[in-house]
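Protein chains in written order, with the numbering used here: chain A, 13 to 90; chain B, 330 to 573; chain C, 29 to 252.
Quick caveat, the hints were computed from the structure, so don't treat them as lab data. Backbone N, C-alpha and C define an ideal beta-carbon position, used for all residues, glycine too. Treat the hints loosely; a few may be bogus.
Among the chain C residues that face chain B by a calculated CB cut under 7 Å, a handful are [claimed, not checked]: (1) 185; (2) 190; (3) 191; (4) 195; (5) 198; (6) 199; (7) 201; (8) 202; (9) 205; (10) 226; (11) 228; (12) 234; (13) 248; (14) 251.
Label pairs and their in silico Cβ distance ranges [what the hints assert, rightly or not]: (15) A:60 / B:416: 15 to 25 Å; (16) C:222 / B:452: 18 to 28 Å; (17) B:454 / C:236: 26 to 36 Å; (18) B:401 / C:251: 42 to 52 Å; (19) B:445 / C:165: 40 to 50 Å; (20) C:71 / B:564: 43 to 53 Å; (21) B:347 / A:64: 12 to 22 Å; (22) B:401 / C:40: 39 to 49 Å.
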Amino acid sequence: MPFPLYAGKEPTTRMTVPPNNLPFLFAAFAVAWAVFFIYAAYMSWRRQSIQRDLRELQSTVELDPDPDGDEEERMGSV
Amino acid sequence: MAAIAGRGPTDSTLRVVIRDFRLWVLFATAALTIVDVYLIFVVAPTDQVLGHIQRIFYIHVPISILSFLGFLVCAVAGVGYLIRRGEIWDRVAHAAAEVGVVFVTLALVTGVIWARPVWGVWWTWEPRLTTTLILWLIYVAYLMIRHYAPTPQQGRAWSAVVGIIGFVDVPIVYYSVQWWRSIHPVQVIGPEAADDALEPIMARILIFSLVAMLALFAYLLLERVALRGTEDAVSVIRRQGTYD
Amino acid sequence: MRLLSATFAIAWKDVRLEFRSRDTIVSALIFGLIVVVVFNFGLNRAPGSLGPAAPGLLWVAYAFVGVLAMNRAFARELEQGALDGLLAAPVSRDAVFLGKMLGTLAFMVLIEAILLPVFAVMLDLPALSPVLGLIILLATIGFATVGTFFAAIAAQTRSREILLPVLFFPVIVPVIIAAVEATALALQGGPMLPIWTRWLPLLVVFDAVFLVICPWIFGFVFEG
Chain A
13 MPFPLYAGKE
23 PTTRMTVPPN
33 NLPFLFAAFA
43 VAWAVFFIYA
53 AYMSWRRQSI
63 QRDLRELQST
73 VELDPDPDGD
83 EEERMGSV
Chain B
330 MAAIAGRGPT
340 DSTLRVVIRD
350 FRLWVLFATA
360 ALTIVDVYLI
370 FVVAPTDQVL
380 GHIQRIFYIH
390 VPISILSFLG
400 FLVCAVAGVG
410 YLIRRGEIWD
420 RVAHAAAEVG
430 VVFVTLALVT
440 GVIWARPVWG
450 VWWTWEPRLT
460 TTLILWLIYV
470 AYLMIRHYAP
480 TPQQGRAWSA
490 VVGIIGFVDV
500 PIVYYSVQWW
510 RSIHPVQVIG
520 PEAADDALEP
530 IMARILIFSL
540 VAMLALFAYL
550 LLERVALRGT
560 EDAVSVIRRQ
570 GTYD
Chain C
29 MRLLSATFAI
39 AWKDVRLEFR
49 SRDTIVSALI
59 FGLIVVVVFN
69 FGLNRAPGSL
79 GPAAPGLLWV
89 AYAFVGVLAM
99 NRAFARELEQ
109 GALDGLLAAP
119 VSRDAVFLGK
129 MLGTLAFMVL
139 IEAILLPVFA
149 VMLDLPALSP
159 VLGLIILLAT
169 IGFATVGTFF
179 AAIAAQTRSR
189 EILLPVLFFP
199 VIVPVIIAAV
209 EATALALQGG
219 PMLPIWTRWL
229 PLLVVFDAVF
239 LVICPWIFGF
249 VFEG
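In isolation and in its complexed conformation, chain A is listed as follows:
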């Protein structure tokens, strides 16, 4: 039995010739890598866009001589 975790009695007796199941193999790998790539790319993209926001906000807050003044309006526009 070459396959420990999901080894089944039924398949070993039923399938004597290695079956052609390449499409399933490629589907599994394609889905896994696509999900990982999209997840990583999304996080990276979102972090960069937020960092841009952050720099903008920081400069707005720090440049404002009167933080109790009309800050709210400018925050709203960001």
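Guided by the hints, dock chains B and C onto chain A, whose structure is given.
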């Protein structure tokens, strides 16, 4: 602003170190993955019984193991947050849970794709698949709870306690499902197979695959922690801007 | 000692409240009945009794009724800031948790006891066995412990009706499995050994684990 300004220089150095480290992990992940693909598709022998589909095994098993690692990290960081109260604990817990949910989702998807050609069904209530599905449900609820919390502080505390309860529940769920299945066996699945039956070359490739996936896991986790840090910094400034 | 008296005071308060109003108890009973009737149409395709599905049906009904009861237990505390008063009382969080949990447990056991003979008639079960009583008690302790904890979280959100079942059901899966299997064995009258070697110990372990963990982290639920 206090939260940001108060961090001081050591924190920003730390952040540069983390950023550089993240890049190194990314390079390592890419290199290991390329070698891994070569090993899986070229070096690994084709299974005589199951055919090429058996190669899913080399990613399915590491993905499942690493999803458990994610939930372990989540629970430990949750305890850390409740004791130490640093926001970094909460960030790590949240990131680990989210990466864990991505991994556990893929474990389910690859498991389903495995089941169809090998067992002739898409889904079967096999103990591991069933436990994985329940894990998925628990940790999706974990991710939901943060959004329902009225304040961020409540969100952090609630997430921590739900993460702890969920993780404690995992072994109980696993054993109960295992016993349940031993009474009502699924026709196509045999009982626990002997683990020593794996061919040595297959075992070695599996371990390599696990290392490659671990690097990927670490990269995603670091990226997610960094993203949460940036998100938090923005929301702190926004709140200051709105309420000052 | 103070812990115990505070616990019982809180539990007794909830039980008395329940009996004064009686609206939850009636709606919970009717709801349990409705679950069985509706599932009957889903499962009972051939004429006759539900047979092997009966224990599962019993526990699905109990779990649904339990969620209803637990949602009520903390929703009531939110009216007119009662929860703040409860938390401000000079008793430990453990007592608050155990008191709410005991109140919920008493309420659920009462409903289950009333529903059991009704289900026994409708599902054609030989329901009067002491073992079944023990199974129901242990499983309900598990329900009430985890459920009270999650209800305390869910009650503080706007969408408590959906959040409680989403949190509750995945965690409670081992209790459902153990209760259904043990009930099936008890009702078959066949070999009872697995009840004692497997399912009741599983229930006891689940109850013990969460009776330790839930009071321990209950205080964090009321932060912020």
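Status of each hint after checking the structure:
For the restraint placing residue 185 (chain C) at the interface with chain B, the shortest Cβ-Cβ distance is roughly 4 Å, inside the 7 Å limit, so the hint holds. Look at residue 190 (chain C): its Cβ only gets to about 9 Å from chain B, farther than 7 Å, so that hint breaks. Annotation: interface hint on residue 191 (chain C) holds; nearest CB of chain B at approximately 6 Å, less than 7 Å. About 5 Å separates the beta-carbon of residue 195 (chain C) from the nearest beta-carbon of chain B, less than 7 Å, and the hint is met.
The interface hint given for residue 198 (chain C) holds, since its Cβ lies 4 Å from the closest Cβ of chain B, which is under the 7 Å cut-off. This hint holds: residue 199 (chain C) has a C-beta 5 Å from the nearest C-beta of chain B, less than the 7 Å allowed. Interface restraint check for residue 201 (chain C): the shortest CB-CB distance to chain B comes to about 5 Å, inside 7 Å, so the restraint holds. For residue 202 (chain C), the suggested interface contact is upheld, since its CB lies about 4 Å from the closest CB of chain B, less than 7 Å.
A distance limit of 7 Å between C-beta atoms decides the matter here; for residue 205 (chain C) the minimum to chain B is near 5 Å, and the interface restraint holds. Nearest Cβ of chain B to the Cβ of residue 226 (chain C): about 6 Å, under the 7 Å cut. The hint holds. For residue 228 (chain C), the shortest C-beta to C-beta distance to chain B is roughly 12 Å, which exceeds 7 Å, and the interface hint is violated. Interface hint at residue 234 (chain C): satisfied, since its Cβ lies 6 Å from the closest Cβ of chain B, which is below the 7 Å cut-off.
A hinted interface residue such as residue 248 (chain C) counts as satisfied when its beta carbon comes closer than 7 Å to some beta carbon of chain B; here the least separation is about 4 Å, so the hint holds. Among the interface hints, the one on residue 251 (chain C) holds; its C-beta lies about 4 Å from the nearest C-beta in chain B, closer than the 7 Å criterion. Separation of residue 60 (chain A) from residue 416 (chain B) is about 22 Å and conforms to the stated range, judged on CB atoms against 15 to 25 Å. Taken as a hint, the range 18 to 28 Å holds for the pair residue 222 (chain C) and residue 452 (chain B), whose Cβ atoms sit roughly 27 Å apart.
Distance hint check: the CB atoms of residue 454 (chain B) and residue 236 (chain C) are about 28 Å apart, consistent with the given range 26 to 36 Å. Between residue 401 (chain B) and residue 251 (chain C), the C-beta spacing of about 24 Å breaks the proposed range 42 to 52 Å. A hinted range of 40 to 50 Å holds for the C-beta pair residue 445 (chain B) and residue 165 (chain C), which are about 43 Å apart. A C-beta distance of roughly 49 Å is found between residue 71 (chain C) and residue 564 (chain B), which places it inside the suggested range of 43 to 53 Å.
At roughly 20 Å, the beta carbons of residue 347 (chain B) and residue 64 (chain A) sit within the given window of 12 to 22 Å. Our hint of 39 to 49 Å for residue 401 (chain B) and residue 40 (chain C) holds, since their Cβ atoms are close to 41 Å apart.
Checked against the numbered hints listed earlier, the structure breaks hints 2, 11, 18; every other hint is satisfied.
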